[in-house]
Amino acid sequence: MRIPPLVALALAWVVLMLGVAILADAAAPYSYTALDLRARLSPPIGFGGTWAHPLGTDELGRDVLSRLVHSIRMSLLIAFGACIIAAVLGTALGFLAAHFRGAVEHVVLALVDFQASMPFLVLALSVLAFFGNSLPLFICLLGLHGWERYARISRGLAISAGAQGYAAAVRQLGASPLRIYGRHILPNIASTLIVSMTLAFPEIVLLESGLSFLGLGVQPPATSLGSMVGYGREYLTRAPWVLLAPSITIVVTTLAVSILGDWLRDRLDPTLR
Amino acid sequence: MLRFIAGRLLRAALTIVMVVTFAFVVLRLSGDPALLILSVDAPPEAVAAFREAWGLDRPLWVQYFSYFGAILQGDLGQSMRDGRDAIDLVAERIPATLALTLPALALKVGIGIPAGVYAALHRNSATDRVVMVMAVAGFAVPSFVLGLLLVLVFAVQLGWLPSGGQDSWRHAILPVITLGIGGAAVLARFTRSAMLEVLGQPYIRTASAKGVSWRAVVRGHALPNAAIPTVTIVGFMVGSLIAGAVVVESVFSWPGVGRLLVVAVSNRDLAVVQCVLLLVAATMVTSNFIVDLLYGVLDPRLRTARGGGKG
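Line by line, the protein sequences are chains A and W.
The first sequence maps to residues 1 to 273 in the UniProt record's numbering.
The second sequence maps to residues 1 to 311 in the UniProt record's numbering.
Please keep in mind that the hints were generated in silico from the structure rather than gathered at the bench.
Hints may contain errors.
As the list claims (entries may be wrong) - Derived Cβ-Cβ restraints for the label pairs, each shown as a range: (1) A/222 / W/290: 48 to 58 Å; (2) A/174 / W/70: 52 to 62 Å; (3) W/201 / A/238: 35 to 45 Å; (4) W/268 / A/248: 25 to 35 Å; (5) A/183 / W/102: 52 to 62 Å; (6) A/106 / W/290: 20 to 30 Å; (7) W/282 / A/106: 20 to 30 Å; (8) W/64 / A/8: 29 to 39 Å; (9) A/33 / W/59: 42 to 52 Å; (10) W/255 / A/33: 31 to 41 Å; (11) W/64 / A/132: 19 to 29 Å.
Heads up, the beta-carbon is just placed ideally off N, CA and C, and yes, glycines get one too.
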């Protein structure tokens with residue numbers, strides 16, 4: 001199997017990001033809340049900065065690199081959590097619709113239509129207004145993004161799988177529906193679902209960073225890529241690096257995961273095109 | 001055709017009902033409104049009086065229907081901040097938002113569709129590559145990053161344009177570009193793949209083979225058929241005219257509906273949030289309805305098909 005250079009590059013970036021996220025405590029030179037008031041707004045290397053703060057510092061003298069590392073961890077954690085919630089929820093509802101048909105299917109499809117027809121950002125904002133904000137709630141909320149696509153896909157695939165020999169065979173052998181769907185149909189449609197997850201992942205990263213940028217996502221003292229940009233915006237004229245470091249990270253990560261997703265889709269599942 | 005329209009209208013009404021239900025459920029789940037408004041240590045008699053005054057002591061389904069009735073009469077409650085009608089607060093922000101989103105929509109359609117069609121007709125050419133790279137980049141760069149970069153270059157470094165506010169038409173240039181570029185990229189990508197799909201169909205080959213000029217094949221056969229998926233995306237963009245600028249309005253301190261929504265969310269001003277939610281839903285549903293009717297015009301088969309899925 002040959003991997004195109006662009007995809008290899010994207011893969012390398014994603015691995016780097018994952019490594020940074022997992023080893024955040026070891027990778028960050030300082031604590032992300034540590035102040036260094038004598039080195040406030042110090043520029044990054046190449047723009048007159050020193051190795052003490054390779055990416056510079058913000059207005060409180062906090063090390064931008066350390067904050068970036070912790071933001072990457074936070075943003076990836078949220079995106080992974082939300083992605084998995086959406087996939088599990090959507091697939092479960094899709095299977096329910098495929099299994100029971102009739103009224104259950106109509107309800108699920110109406111919910112799918114509803115979700116697909118409303119801009120998610122506005123729904124998310126209303127929920128945040130009504131419930132306030134906390135990290136677990138925020139992850140669950142983003143987990144509601146995109147579930148309708150998994151529901152559509154898994155319902156369609158489960159219905160066609162149900163008509164195939166293998167599903168009928170295990171049913172004849174007396175397997176429970178849970179076993180049929182969990183052990184037999186799910187593995188058969190897993191590649192399609194994984195590709196959908198890869199394609200949905202960058203959208204969740206963008207959504208999280210957008211909400212955090214507005215100050216309605218991750219709350220201080222915790223930090224995420226979007227909240228770093230929102231914060232750095234105040235110092236746009238004097239210290240653009242505070243904002244550029246997380247911005248570039250968001251763009252490159254989104255790009256890398258989309259490239260990987262497109263490549264996986266072309267290899268594993270041309271039907272999704 | 002009448003039956004087709006009736007079916008679509010029913011679906012539009014159903015979506016509105018679901019949004020109202022969503023708002024009601026979320027509103028009730030989020031805590032006791034009496035305690036929320038009066039504060040936790042209000043005397044029990046005051047809480048009871050408040051509940052009676054607002055009908056909160058009645059059964060839930062009665063509350064639900066009276067909530068529905070109030071919304072049908074246009075009563076969307078008052079802002080908790082200054083006591084003004086939420087609907088007035090929202091309505092006076094709409095022109096400012098449309099001043100950004102309408103030109104941006106023109107930009108998206110004006111650039112995105114021709115670029116997508118051109119890229120598909122010249123597949124694998126240099127232009128095609130450029131369009132695709134731009135399309136992927138347009139997706140990966142979030143609007144707040146793009147907006148801030150434009151501010152950094154055109155307002156801070158070059159000093160050509162103002163960085164925020166709403167004093168003259170020059171203030172609208174950067175936000176409109178920010179909104180337009182991302183949408184144009186998405187639209188170009190969709191149009192391109194829709195065109196490529198259609199161009200691979202046998203009827204295109206047939207039309208060419210029977211001697212129709214390529215120009216006429218593209219105009220008469222390829223474009224109308226590729227229009228259906230494209231219309232869906234444009235429809236979504238039209239539906240987002242009100243709510244599509246939430247982030248960009250915040251970046252450029254533009255006093256539109258989006259900015260109002262963000263402020264209302266951070267103040268937990270529920271009446272205003274709910275009003276925006278319903279307004280967005282109504283816009284979205286209306287534009288979906290128009291798109292559905294357009295499907296019927298573009299594809300005669302759909303007019304006779306009953307209900308069923310889209311497209």
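Inset, instruction - State the violated hints by number, sorted upward, taking the hints as numbered earlier in the document. - result: 1, 3, 8
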